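K.L.:
Take a look at the letters that make up each chain.
2 protein chains.
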Amino acid sequence: MRDNSKISNAVIRRLPRYRRILEELMARDIERISSSELSALTGFTASQIRQDFNNFGGFGQQGYGYNVQSLFAQMSLILGLDREYRMVIIGCGNLGQAIANYATYYKRGFLITAMFDVNPKLIGISINDIEVQDYELLEKYLEDNVVDIGIICTTKNSAQDVANKLSQGKVKGIWNFAPMDIEVGEDVILENVHLSDSLNTLAYYISHHVKP
Amino acid sequence: MRDNSKISNAVIRRLPRYRRILEELMARDIERISSSELSALTGFTASQIRQDFNNFGGFGQQGYGYNVQSLFAQMSLILGLDREYRMVIIGCGNLGQAIANYATYYKRGFLITAMFDVNPKLIGISINDIEVQDYELLEKYLEDNVVDIGIICTTKNSAQDVANKLSQGKVKGIWNFAPMDIEVGEDVILENVHLSDSLNTLAYYISHHVKP
Chain A
16 MRDNSKISNA VIRRLPRYRR ILEELMARDI ERISSSELSA LTGFTASQIR
66 QDFNNFGGFG QQGYGYNVQS LFAQMSLILG LDREYRMVII GCGNLGQAIA
116 NYATYYKRGF LITAMFDVNP KLIGISINDI EVQDYELLEK YLEDNVVDIG
166 IICTTKNSAQ DVANKLSQGK VKGIWNFAPM DIEVGEDVIL ENVHLSDSLN
216 TLAYYISHHV KP
Chain B
16 MRDNSKISNA VIRRLPRYRR ILEELMARDI ERISSSELSA LTGFTASQIR
66 QDFNNFGGFG QQGYGYNVQS LFAQMSLILG LDREYRMVII GCGNLGQAIA
116 NYATYYKRGF LITAMFDVNP KLIGISINDI EVQDYELLEK YLEDNVVDIG
166 IICTTKNSAQ DVANKLSQGK VKGIWNFAPM DIEVGEDVIL ENVHLSDSLN
216 TLAYYISHHV KP
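Those protein sequence lines, which keep their order, are chains A and B. 16 is the number of the first residue of the first sequence in the working numbering; add one for each residue after it. 16 is the number of the first residue of the second sequence in the working numbering; add one for each residue after it.
Treat the hints loosely; a few may be bogus.
No copy is singled out in the list; a pair is fine if it fits within one copy or between any two copies.
Stated by the list, open to error - In silico lysine to any residue, SDA-like type, Cα no more than 20 Å apart, as pairs:
hint, residue 1, residue 2
1, K226, D163
2, K122, D149
3, K122, N207
4, K122, L137
5, K180, T128
6, K136, G108
7, K21, A55
8, K21, E198
9, K136, A25
10, K155, Q183
11, K171, A25
Think of the hints as simulated: they come from the structure by calculation, not from any bench. Predicted model, so just to flag it, every value in this text is computed and none were measured.
So here's chain A without its partners, still in its complex pose (with noise of 0.2 Å):
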């Protein structure tokens, strides 16, 4: 594998895509599969596909299209789907436990550890077998348990106090689902969910009557 720090984000960005997609093909027993129809159904030029795949290394041959299962094996290499990820929910109301419900069922390689919560009408109650806890242990937990992802599931106001949280308590990674900014440490990697983006986009196209 080539030196990833180089790729660029736009690049990486559209990597779950392509691996998402080729999930779908091996689930319908497609084998092989050119650029062009890589194009038609990631909605990406086939040259960019091509530029893309030439970032780690090429995958196919001129001509002959890619290996479904083996660019998604090497797709998921990539994307690091190769180990598993310990992860920590914050803010246990709907969101929080969609979100749970969500990695238990569709997500393998995402653990779910521990979940966490202010309201004593939650702390205690059980989520897939995970007892919430008081969000007053977070501290503790983070001290005695490694965790790569932190799940914000909490309301605006208490967002940046829980990214605090989670960024003293080193985690590698947070999962942000407030919708709002928030700063989290230098070494925390910080991934926002922002379903407004993808309702305006919706409305955009509505508005203009034109289909993506």
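Add chain B to chain A, keeping to what the hints say.
P.N.:
Coordinates of chain B only, in the frame set by chain A:
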């Protein structure tokens, strides 16, 4: 405004991000911004930003930067955010309730008008003053009411059935949170939320020890 049907999807997907960042600048009372400052905030190159804005006829003056408030207003207009969107939610478990809360508290212009579920335990309860109705009543509701957006928060297995009913009921767009590919009617715009893409991107940066 120019003919927006020729604007690439990649450009359109960047617009909500510009708008969101402009909104944050407004909240910080910043009046003018250069394309290089916008570049630092968005992660897009300054030349990319200028190209993007040229699609819509410019907006700025060379060397003078952009007026934040006016750019925000124009972005909102382009995105179709000068009108109201009537939405229904199908699937009122944790995810559906989280989306209902989100839309109610954060998204002006996006109005939830009805919610539906098959679960007798949920039918009849109120979520932000909207009573959950029996899913059997969706078809009739869509006959009697104009609905712009149907939001699918069901499990994977039910998502296609819901998409069919929404398409037949003439919704203009579908916002799909079910982690699967669904088919929609020819005139319906589909926007999928792929949480896994976001999580996989985070995994990439964590596993490669690089910051985005």
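K.L.:
Run every hint past the structure and note whether it holds.
P.N.:
Taking the hints in turn, this is what the structure says about them:
no., hint, verdict
1, K226 x D163, "between (39 Å within a copy, 15 Å between copies)"
2, K122 x D149, "neither (26 Å within a copy, 30 Å between copies)"
3, K122 x N207, "both (18 Å within a copy, 17 Å between copies)"
4, K122 x L137, "neither (24 Å within a copy, 27 Å between copies)"
5, K180 x T128, "within (17 Å within a copy, 38 Å between copies)"
6, K136 x G108, "both (10 Å within a copy, 18 Å between copies)"
7, K21 x A55, "between (28 Å within a copy, 18 Å between copies)"
8, K21 x E198, "neither (24 Å within a copy, 37 Å between copies)"
9, K136 x A25, "neither (42 Å within a copy, 44 Å between copies)"
10, K155 x Q183, "within (11 Å within a copy, 53 Å between copies)"
11, K171 x A25, "neither (27 Å within a copy, 29 Å between copies)"
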